[in-house]
Amino acid sequence: MSAIVVGVDGSESARAALRFALEEARLRGGGARVVAAWHVPTAVYSGTLMPPDASLIEELEVDARQAAERAVEDAGDAARGVEVEIVAREGEAAHVLLEEAASADLLVLGSRGLGGFRGLLLGSVSQQCAHHAPCPVVIVPHPREL
Numbered sequence: 000m001s002a003i004v005v006g007v008d009g010s011e012s013a014r015a016a017l018r019f020a021l022e023e024a025r026l027r028g029g030g031a032r033v034v035a036a037w038h039v040p041t042a043v044y045s046g047t048l049m050p051p052d053a054s055l056i057e058e059l060e061v062d063a064r065q066a067a068e069r070a071v072e073d074a075g076d077a078a079r080g081v082e083v084e085i086v087a088r089e090g091e092a093a094h095v096l097l098e099e100a101a102s103a104d105l106l107v108l109g110s111r112g113l114g115g116f117r118g119l120l121l122g123s124v125s126q127q128c129a130h131h132a133p134c135p136v137v138i139v140p141h142p143r144e145l
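FYI, in numbering that gives the first Met the number 0 the residues of the sequence shown are 0 to 145.
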């Protein structure tokens, strides 16, 4: 079974990438691994040498997982009949996606995520993944760029 990894972050580009990945997984008769990377905000560390509370870390992971699950639900018919695995991992998005793609047949990303600068044609995460991925990469254009 082919495995397609797709990164989600709540952006319009990620939603378009998810729909593409789910449709491609169906065509290939495979599954999709939907990956949401999360991290502890830098502000949590400011002014203290103590690590963040374990409950905060758990909450961030649960929030990332639930956001990925909602994205799959919102994909509607595109997800029908596709085996979907949700992965929520702590870490920098490009690093997490590249690790998850190590055994994948395809990595699918949106052209721009939630961060960065407006007007860029390609976001930093998709650019890093395109340069370093261990498998073929599809970068789905932002819906307004089509």
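For the record, the hints were derived by calculation from the structure and aren't laboratory data.
Computed from a predicted model, the values in this text were never measured in an experiment.
Note that the Cβ used here is the ideal one computed from N, Cα and C, for glycine as well.
Warning: the hint list may mix true and false statements.
Simulated DEER-style distance windows between Cβ atoms [said to hold, decoys possible]:
1. E60 x A101: 19 to 27 Å
2. G90 x S54: 13 to 21 Å
3. E11 x E89: 20 to 28 Å
4. S123 x R79: 17 to 25 Å
5. E57 x G28: 33 to 41 Å
6. R69 x V39: 26 to 34 Å
7. P135 x E84: 17 to 25 Å
8. H38 x E84: 15 to 23 Å
9. S123 x G28: 27 to 35 Å
10. D104 x S54: 17 to 25 Å
11. G90 x Q65: 26 to 34 Å
12. S54 x V137: 36 to 44 Å
13. E58 x L26: 22 to 30 Å
Verification of the supplied hints:
no.	hint	result
1	E60 x A101: 19 to 27 Å	holds (21 Å)
2	G90 x S54: 13 to 21 Å	holds (20 Å)
3	E11 x E89: 20 to 28 Å	holds (24 Å)
4	S123 x R79: 17 to 25 Å	violated (33 Å)
5	E57 x G28: 33 to 41 Å	holds (36 Å)
6	R69 x V39: 26 to 34 Å	violated (22 Å)
7	P135 x E84: 17 to 25 Å	holds (19 Å)
8	H38 x E84: 15 to 23 Å	holds (21 Å)
9	S123 x G28: 27 to 35 Å	holds (33 Å)
10	D104 x S54: 17 to 25 Å	violated (37 Å)
11	G90 x Q65: 26 to 34 Å	violated (18 Å)
12	S54 x V137: 36 to 44 Å	holds (37 Å)
13	E58 x L26: 22 to 30 Å	violated (37 Å)
Hints 4, 6, 10, 11 and 13 from the earlier list are contradicted by this structure; the remaining hints agree with it.
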